[in-house]
Amino acid sequence: MDYVIEMLNIRKEFPGIVANDNINLQVEKGEIHALLGENGAGKSTLMNVLFGLYQPEKGEIRVNGKPVKITNPNIANDLGIGMVHQHFMLVDTFSVTENIILGSEPKKSGTVDIKKAEAEVQEISERYGLKVDPTAKIKDISVGMQQRVEILKTLYRGADILILDEPTAVLTPQEIHELIEIMRTLIKEGKSIILITHKLKEIMEVCDRCTVIRKGQGIGTVDVKETSTTELASLMVGREVSFRTEKTPAHPKEEILKISDLRVKDARGAEMVKGLHLDVKAGEIVGIAGVDGNGQSELIEAVAGLRKVESGSILLNNESITHFTPRKVTESGVAHIPQDRHKFGLVLDFPIGENMVLQNYYQKPYSSMGVLNYKEIYKQANKLINEYDVRTPSEHTPARALSGGNQQKAIIGREVDRSPDLLIAAQPTRGLDVGAIEFIHRKLIEERDKGKAVLLLSFELEEIMNVSDRIAIMFDGQIVANVKPEDTTEQELGLLMAGSQVEKKAGES
Amino acid sequence: MLRDQRFINVLIPIISVILGLLAGAIIMLSFGYNPVEGYGALYEGAFGNSYFMGETFVKVTPLILSGIAVAFAFRTGLFNIGVEGQVFVGWLASVWVGISFESPMIIHLPLAILSAGVAGALWGFVPGFLKAKFGVHEVIVSIMMNYIALYTCNAIIRNVLTDRLDSTDRVADTASLSSQMFYNWTGSRLHWGAIIALALAFVMWFILEKTTKGYELRSVGFNQNASNYAGMNVNRNIVYSFLISGSFAGIAGAMQGLGTYGNMFVQSSFTNIGFDGIAVALLGGNTALGSVFGAFLFGTLKNGAGSMPLVANIPKELVDIIVALIIFFVASGYIIRWALTRFKREGK
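So the protein sequences, as listed, match chains B and U. Be aware that the first sequence starts at 26, since it is given in our numbering, and climbs by one per residue. Be aware that the second sequence starts at 107, since it is given in our numbering, and climbs by one per residue.
Check each hint, because a few of them may be wrong.
[To be verified] Here are the computed lysine-lysine pairs in the DSS-like style, where the Cα-Cα straight-line distance is at most 27 Å:
{"#": "1", "chain 1": "B", "residue 1": "K404", "chain 2": "U", "residue 2": "K239"}
{"#": "2", "chain 1": "U", "residue 1": "K319", "chain 2": "B", "residue 2": "K290"}
{"#": "3", "chain 1": "B", "residue 1": "K408", "chain 2": "U", "residue 2": "K316"}
{"#": "4", "chain 1": "B", "residue 1": "K408", "chain 2": "U", "residue 2": "K239"}
{"#": "5", "chain 1": "B", "residue 1": "K368", "chain 2": "B", "residue 2": "K404"}
[Stated by the list, open to error] Have a look at the derived ranges for each label pair, beta carbon to beta carbon:
{"#": "6", "chain 1": "B", "residue 1": "G395", "chain 2": "U", "residue 2": "L117", "range": "32 to 38 Å"}
{"#": "7", "chain 1": "B", "residue 1": "L78", "chain 2": "U", "residue 2": "R342", "range": "41 to 47 Å"}
{"#": "8", "chain 1": "U", "residue 1": "T317", "chain 2": "B", "residue 2": "K333", "range": "27 to 33 Å"}
{"#": "9", "chain 1": "U", "residue 1": "I441", "chain 2": "B", "residue 2": "T254", "range": "47 to 53 Å"}
{"#": "10", "chain 1": "B", "residue 1": "K404", "chain 2": "U", "residue 2": "G293", "range": "52 to 58 Å"}
{"#": "11", "chain 1": "B", "residue 1": "K156", "chain 2": "U", "residue 2": "I132", "range": "47 to 53 Å"}
{"#": "12", "chain 1": "B", "residue 1": "K333", "chain 2": "U", "residue 2": "D269", "range": "54 to 60 Å"}
{"#": "13", "chain 1": "B", "residue 1": "K333", "chain 2": "U", "residue 2": "L117", "range": "45 to 51 Å"}
{"#": "14", "chain 1": "U", "residue 1": "T317", "chain 2": "B", "residue 2": "Q51", "range": "22 to 28 Å"}
{"#": "15", "chain 1": "U", "residue 1": "R443", "chain 2": "B", "residue 2": "Q147", "range": "39 to 45 Å"}
Derived by calculation from the structure, the hints in this document are not laboratory data. Computed from a predicted model, the values in this text were never measured in an experiment. Where is the CB? At the ideal position from N, CA and C, for every residue including glycine.
Please build the complete structure, drawing on both the sequences and the hints.
And the structure:
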């Protein structure tokens, strides 16, 4: 069998930890090879070794059968290896073409030959079915388009082996579908792809084979045709994983949150929430389903006090919190797991311990008379770190150094521990692996069973279907339907989210 | 790994200073001067006898305060380049209170220092408020506030505090920081302000690291979105930060007005106390203790360099170049950090 890439017995150490130990990865020509593992399992480290960003302590890398030493990314480029990072590396104010040629510009008498470059970009983009406008500015195009630009960048440099690092994490369902088509075209054109992911469904859909890494150890390579999501999940996590979150039927009680005729504008002044009505009762999880950009973020921010309410009312336990500051909202009994944990949820440069009291540092026992009581702060931090299984070297480690899953567990611990009447969870499992997702879903359901009201916002239909007791579909700034998960299908939800009218309304069913 | 990082953080300024001294030595050699003699003169000029030592501390004192003023703002994500102007208004306010009346020292001296702090805080309030309310960049506003301070102070000295004279009366004894005891010991202008500066460096550390307000300010400095999410009032904290930073700077002015000179005089240009404070803060990693060390280095260089033309015959211009080189290397700490980490990686 011909392998384009062979990584044999790779070992990579960092001070204090072994990130990769004895990992084998063999990629055949023309296949889509999945690299599967939990957050922090060592997938990115392995790929950075392949891309020349890290040097392995042990092991051999072969490209097309020949042993090679990849000591920097330029060598990787020359060998035809291209990487699309999870966080894009694009210049916002440059055009698509300018970004693609950056670093290897075609020149004509000392100036960049932009016309020639544009033609080349056009040609490549057509050949591989990557539709982009070569003259558009990066800042004006969607995330999905930006990702295409990143892929084009590697192709322009002559890459034959593409590494895609969690490419679907930032995409909408429609864009994911398009990306999968693009990947199939690339394979037809003779490229090979390594897909780093922890989304099992995608592996089953597009990949040929799958190599699993767990806690830095190579577990093995399986043929996707001969496996199942259940098997992949247990290989990855090391134990049986249940996909259907176990839960008993909800027993909704009194109304906790009541939103009436709410109107909210976004930062540019466009009205995003247009007269919305929604209520959440104690002891139930209401899931908001909708295509991104239909006002969900603005709704959540308005409830949390982070965005100005134009008109309408928000009642918590029958008392208005409509124009409250974030602090007053928090003090009234609302906890909020924000959509963007890096931007809102954590002060990344603070120790994880200090992050655990971000909202109540000014209260006893964490401080008195304006002076912090670090002993109490770190006591609380340690309690949450243990209870919520936040894996961190110590409570003094900067939050930045933790993996995404552990950062999220820390936030959830902090929010849930305040024992709020209403828990808002905005995309609580974005970018996390199945183990962490399972844990977070269980916590949300536990809160519900304690009689709290939970408002869940998610773009993953599976999550909405699994966790919610009631689904509120949001379209164009309004809740257009309320359905029960057991009475609906993903197809029906998809239609509702796209704005099509459906006779059946859950309120009446 | 954390301890490694801390070790590097301490190592960098030390290596920077050594490299700066080496570069200065090369310059001296290439112009035909003896670097050993030159640095000998610098050392003598800074620590040679009790007078020089006292004068070194006189230079260090306001730099500690301007350094912590800059560092405090930096830590909260703000660049207070207006420390220079805040020093001016603090100086003027302290002298104004000092010459206007006499009252028991226990009231008069604290009042004079306090008014310097308030004046600096007010001067800092303007850029802070404009930034918080209208998003005006604090650097532009505070640079302009420097000029306003310089010429306003000159105008007040000439037209209000005196009748067209270039310097004010000396402050009353009850508002003076100068010390007969230090004078008898050293014969220098060393004054009690040195102790005030050290105490305020401690205060700065305490506010930032130990109080809830400091927690908020640091949080706002790192991540405004998360701070807002957590219920902190980001804009109010920006103003607080400038008020506190400005008051440190104002008190640096009081060190000059009540201690070193005992009066205020018309200045043709900036004193550089505020601008040097930026370098002091950078050198000290924006910490209180670091700023004290940074101020000490700057004060030593400034005072000691004064002896180099006299003792080693090195022209004053060359001395300025050497001092600038040392500062240059200190400020290029990033390059040294890069080299150190690279060296470590290769070494493995």
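Now for the hints, and whether the structure bears them out:
Straight-line distance between C-alpha atoms of K404 (chain B) and K239 (chain U) comes to about 38 Å, which puts the hinted pair past the 27 Å bound. For the hint pairing K319 (chain U) with K290 (chain B), the CA-to-CA distance comes to about 32 Å; that exceeds 27 Å, so the pair is violated. Taking the CA atoms of K408 (chain B) and K316 (chain U), the gap is about 22 Å. The hint holds against a cut of 27 Å. With a C-alpha separation of about 40 Å, the suggested pairing of K408 (chain B) with K239 (chain U) is violated against the 27 Å cut-off.
At roughly 26 Å between alpha-carbon atoms, K368 (chain B) and K404 (chain B) fall within 27 Å of each other, so this suggested pair holds. Our hint of 32 to 38 Å for G395 (chain B) and L117 (chain U) holds, since their Cβ atoms are close to 36 Å apart. Taking the beta carbon of each, L78 (chain B) and R342 (chain U) are about 43 Å apart, inside 41 to 47 Å as hinted. Here the CB-CB span from T317 (chain U) to K333 (chain B) is close to 31 Å, well matched to the stated 27 to 33 Å.
Distance hint check for I441 (chain U) and T254 (chain B): the Cβ-Cβ separation is about 51 Å, which falls inside the suggested range of 47 to 53 Å. For K404 (chain B) and G293 (chain U), the Cβ-Cβ distance of about 55 Å falls inside the hinted range of 52 to 58 Å, so the restraint holds. Judged by the Cβ atoms, the range 47 to 53 Å given for K156 (chain B) and I132 (chain U) is violated: they are separated by roughly 60 Å. Between K333 (chain B) and D269 (chain U) the CB atoms are about 56 Å apart, so this pair conforms to the stated range of 54 to 60 Å.
Evaluation of the 45 to 51 Å hint for K333 (chain B) and L117 (chain U) yields a pass: the beta carbon distance comes to about 49 Å. Here the CB-CB span from T317 (chain U) to Q51 (chain B) is close to 58 Å, at odds with the stated 22 to 28 Å. At roughly 44 Å, the beta-carbon separation of R443 (chain U) and Q147 (chain B) lies within the given 39 to 45 Å, and the hint holds.
In summary, the numbered hints that this structure violates are 1, 2, 4, 11 and 14.
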